[in-house]
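Since chain A is already given, all that's left is putting chain B on it; use the hints.
Each protein sequence line maps, in turn, to chains A and B. Everything in the first sequence is counted per my numbering, starting at 377 for the first residue and increasing by one. Everything in the second sequence is counted per my numbering, starting at 1146 for the first residue and increasing by one.
Source of the hints: derived by calculation from the structure; they are not laboratory data. Heads up, some of the hints might be wrong.
Here are the computed distance ranges between Cβ atoms for each label pair [unchecked claim]: (1) A/G598 / B/F1246: 27 to 35 Å; (2) B/Y1263 / A/H599: 24 to 32 Å; (3) A/G708 / B/P1596: 45 to 53 Å; (4) A/D765 / B/W1597: 52 to 60 Å.
The calculated lysine-lysine pairs, modelled on DSS-like cross-linking and capped at a C-alpha distance of 25 Å, are [what the hints assert, rightly or not]: (5) A/K585 / A/K621; (6) A/K785 / B/K1232; (7) B/K1250 / A/K385; (8) B/K1528 / A/K466; (9) B/K1261 / A/K466; (10) B/K1261 / A/K384; (11) B/K1261 / A/K785.
Just a few of them, taken from the derived set where beta-carbon distance is under 7 Å, the chain B residues facing chain A [unchecked claim]: (12) A1179; (13) S1240; (14) E1254; (15) G1305; (16) A1517; (17) A1519; (18) K1520; (19) G1521; (20) T1547.
C-beta atoms are modelled at their ideal positions from N, C-alpha and C, and glycine is treated no differently.
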Amino acid sequence: MTTITRNKKSVAVNPLKQSPPLGAALAFLGLKGIVPLFHGSQGCTAFAKVLLVRHFREAIPLATTAMTEVSTILGGEENIEQAILTLVEKAQPNLLGLLTTGLTETRGDDMEGILKSIRQRHPELDYLPIIFVSTPDYKGSLQDGFAAAVQSIVATDYGTPIKSNVETFHETSLQQITSQKQVTILAGSLLAPGDVEEIKEIVEAFGLKVLVIPDLSGSVDGHLDDDYNSKTPGGTSLSQLQQLKRSLFTIAIGESMGPAAETLQQRFGTNYEILPRLTGLAAVDKFLWLLAQIANYKSDPDWQLNPQVPQKYQRQRRQLQDAILDTHFYLGGKKVSLALEPDLLYQTSWLLKELGAEIQAAVTTTKSSILKELPIDNVTIGDLEDLEDLAPGSDLIITNSQGKRLADKLNIPLYRMGYPIYDRLGNGSRCLVGYRGTMQFLFALGNIFLELGH
Amino acid sequence: MTKPKIADLLNEPGCEHNHKKGQQGKNKACTQQAKPGAAQGGCAFDGASIALVPITDAAHLVHGPIACAGNSWGSRGSLSSGATTYKMGFTTDISENDIIFGGEKRLYEAITQVIKRYHPPAIFVYSTCVTALIGDDLDAVCEAASQKFSTPVIPVNSPGFVGSKNLGNRLGGESLLDYVVGTAEPEYTTPYDINLIGEYNIAGELWGVLPLFEKVGIRVLSKITGDATFEEIRYAHRAKLNVMICSKALINMGRKMEERYGIPYIEESFYGVEDMNRCLRNIAQKIGDEALQQRVETVIAEETAKLDIALAPYRARLKDKKMVLYTGGVKSWSVMSAAHDLGMKVVATSTKKSTEEDKAKIKKLLGKDGIALAKGNAKELLKVIAKTKADMLVAGGRNQYTALKARIPFLDINQERHNPYAGYVGLIEMAKEFDRALHSPIWQQVRQPAPWELSVPPEKVSVGK
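The following block holds chain A by itself, in its conformation from the complex (with noise of 0.2 Å):
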C-alpha cells in the first residue's frame, strides 16, 4: 500500500495543479451546445479560457457574470440573472453549465436560492437546462471539479425527450435508438479527446450504442465546422442526455468517476463497474470483456451464446502483445517520475511498472482514493518544486508542459501528459488508450530512449 505524503510547505512552487472551475468548466465543454458560466471575477473565466485554448489550439466559449467588489458584497444574484439572459440571447445554448468559484464560494452566495428566484421570474427560460456545479478554487484540483461536474451533469433532470429533439440528422430514428442496446461511460478526466474517441469506436463496435458524459471528442478534438461556434459544436447532446435511463451499463473510467456511477444506479437503477484505468493489456482486456457481457446480454436467463469481441481488436490485442515484446527492451529497468493528477498517474504509473519500468517519485495534485494503489511506496501531494527535488537520477519524467523547465536542469528527458500542453501539437487527437493507444504510447515512451541512444 502506497503511504501518502501532503507536503509541509506553506508555499507551491511551480503548482502542478489547476484549479477545480477550469476541471468543471473542461467536463461541461464535453456537452453538445453549451456555454460555461464561471459565477466569479473576468479573471476565473479568462485564465481559465487561455489555458484551455492554448491547449487545445481551439476556440473554447467560456462566460463569466464578472462579479466586482461590491456586487460581491451585495450578493451576485443581479449578475447571474444578467448573465445568463445575456447568454441566452447572444449564444442560444441549448445547455448552461454554472460553477462558482474561491470570490463567491467565500462570499457565500445562496446558489440553489437565486437559481430559484431567477427562474421563478423568467419562465420563459424553462426549456433550458442549467447544470449547476459547486467548485470553491480552494478546494481540490481540475479532477476533482471536474468529477464534480459530472455528477451534477449525470444529476439533473432534462425532462423527458420530447420529439423535435431527438430528430437530429446524423442520429438514427427514435425506434433504433431505443431498440439498441444503450451503454452509459463516465469518462473521466484522465482522458482526452482522442481517448474519447477510440472509446466510442470500440463501443460501438460491439453493436452497442455509446453514451458518452462528458464526450470531448465531439467539441475539443480539433475539427473545422461550417459555422462559427458561440457555443459548443458537439459532445453530449441534450437529447442524449434525456436518454440516460435507459442505458443498461455504466462503465466508469478513472476512480473519480465512482460517485457519478453511484448516482445514475441511485437515479435509474443502472448497475456499474468503475475501470480505473485504460491502458495496458490487462486493462482493456477487462474493458472489452465487460462490453462482450453487455453486447451478450438476453432478457432470457437461459442463453447459451459465449461473448464475443471483434476480429478488430483481437488482432489489435496480438500487436499489442508484440509492441510489447519489442519496447520491453527500452522501458525494462528504466527509472521514472511522475507528476501528474491521481486518475492518470495511477494509470501511467501501472503502464509502466508492468513493462518493467520502475517508477522512482510519484507527486499528484489532489487526495483520492486511488492513491494508495499506486506502484510505489510513497506519493507526494505537493508541486514541481517537490518533483524537481525527488526526480533526479531518474531516466524519464511524465508531467505537462510547466515540467520542462526542471527536466532541462535535471537533464532529463520529458514526456508531457496532463494540462497543460502548451508546447506539443494534437492535443486534441493525441490517443493512449485501448490496445492501439497503448501501442502509439509505449512507443512514444520507447522512441525517446532510442533517441538517446540507450
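Just chain B now, kept in the frame of chain A:
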C-alpha cells in the same frame, strides 16, 4: 488598496480617456463595469501581473487559491536576457482552513520559505479576490517580512474584482512608485538617460530597439518592466526622460514621476517606420543636443535605406492586401501605420480601448471607407471580414481561432505572440509574417470542399470490367 486610491487611478489625469471628454470628467472606458455574460477580458490581478512579472530576478508570490497562479504561471510572453526567477510560479494555494482562520500566517511562512530557498532580490506579493475578501492585511505581512529578512517584500494590492486588466496595470505601477522607485542610486548617470515604461519585452521586442538607442547614444537607464532587474527600477528616478510605450497601461507612473522627480514623459510607439523615426527624434529633441539630434538623423537615414531594400520584395507581395485589425488602445493606430508602411490596407480597426486622441489618428489613417469598430465579438469580426472582403485578421491570440476556424489568415499582435515586431528589424519580421500568413498554400486546401460535396461532381471513372 483603499477605495480613494482606486478612484484616483480611474480618474488618472494623465490619461486622455479622462480629460478629453469635456466636462463629463471621465470617460466610460475606464470605469465601465464589465458586462456579465459578455465580458471576455482579464481582471486587475491579471493586469498587475502583466506589468510586474517581467521583472526577471524577482519572485512573484500570489496570495490566493490555486486558480490565480495555478492556471496562469509561467505563461507570460516576456523574455529575459538573464535571470529566470520570474518564470517560476509561487502561490500560497490557500485552503478552506486559511479562509476560516485567515491567511496571514501562511503568507508570512510562504515568504520565509521563498527567501530561504531562492534568495530573490525582492518578492512581489499579490493579493487576490479571496484574500482581499477575508481581509488579510497584505501590507502588514509584507512590512514585517521585509524587516525580518532585509529583503524588499512588496505588496501589490490587485484583487481581480476591483476592475479590469488596465486598472491592474496601474495598480502594479503604484506598487513600483510606492516601494521601489527611488530606493537606490545608479552607479553613474549621463545626460542621455531615459526609462522605457510599459514595454514588456514580449517575444524579445526590446532587443530590436535597444541597439538603436545605443547607436545614437541614448542610454536606457531602467526598463519598466521588460527584461528588467529589480535593481534598475529602484534607480529609475534618475532618468532625464520617461518614454511611455503602450502608454495608457502605466500612465500613472509617467505622471507621478514627473510630479515627484520632475521627469517629463512622452508617449511613443515602436511599430512601423514612421513611429520609430518619430520616437527617436522626439527623444533626441527632449534630452539631446544638436550632436545627438544629428546622430539620430544619420541612424534614421541608414536604417530606413536598409529597410527599403529589405522590404522591397515584401512590399510587392503585400501591396493592397486588406486586413481587419482588432486590438486595443495605441496598437490600433500604431500597427495601422506599420501596415501602411508595407503598402497594405486596413479596412477596419477597433477603437474599443482607444482615447479620443487615438481615435483621431485612427480616423486619419483609415480614410473615408474604413470602418471603425466600437465594439466587437468573434461573430461581429467575421461579419466585418466578410463585408470588407478582407484578406486577413490581425488581432490578439484570443481571436486566433475565430479566424482560423473561419479559414482566414491570421496574425497575432498581442501579448502571447512569438515574433518581435518592434523597431526597424521588427517591421521586416512583421512583413515576413504577413507574407507567410497570406501566401501560405494551405488556404486553398482548408477551403476546398470534398469531391462529393461539389454541386458539379468531378469526372467519374468507369468502374467494373
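Interface hint for B/A1519, Cβ within 7 Å of any Cβ on chain A: This interface hint is violated because 17 Å lies over the 7 Å limit.
Supplied contact hint for B/G1521, tested at 7 Å Cβ to chain A: Since the shortest Cβ distance to chain A is 13 Å, the answer is violated.
Given pair status - A/K466, B/K1528, alpha carbons within 25 Å: Holds, because 15 Å separates the two Cα atoms, which is no more than 25 Å.
Evaluation of the interface hint that places B/G1305 against chain A, nearest CB under 7 Å: Since chain A brings a Cβ to about 4 Å from B/G1305, closer than 7 Å, the hint holds.
Hint consistency between B/K1261 and A/K466 [alpha-carbon to alpha-carbon, up to 25 Å]: The given pair, whose Cα atoms are some 51 Å apart, is violated under the 25 Å limit.
Consistency of beta-carbon spacing, B/P1596 to A/G708, with hint 45 to 53 Å: Holds, since A/G708 and B/P1596 (Cβ atoms, about 49 Å apart) stay within the stated range.
Interface hint outcome for B/T1547 [beta carbon to chain A under 7 Å]: 6 Å, holds
Pairwise hint evaluation, A/K384 against B/K1261, where the allowed Cα distance is 25 Å at most: Given that 25 Å is the threshold and the Cα spacing comes to 15 Å, the pair holds.
Proposed interface contact between B/S1240 and chain A, which counts if any beta carbon pair is under 7 Å: 5 Å, holds
Given pair status - A/K785, B/K1261, alpha carbons within 25 Å: 20 Å, holds
Assessment of proposed distance window 24 to 32 Å (beta carbons of B/Y1263, A/H599): Given a distance of about 44 Å, which is not inside 24 to 32 Å, the answer is violated.
Interface hint compliance - B/E1254 to chain A, C-beta minimum distance less than 7 Å: 4 Å, holds
Going through the hint list in order, the structure does not satisfy hints 1, 2, 9, 16, 17, 18, 19.
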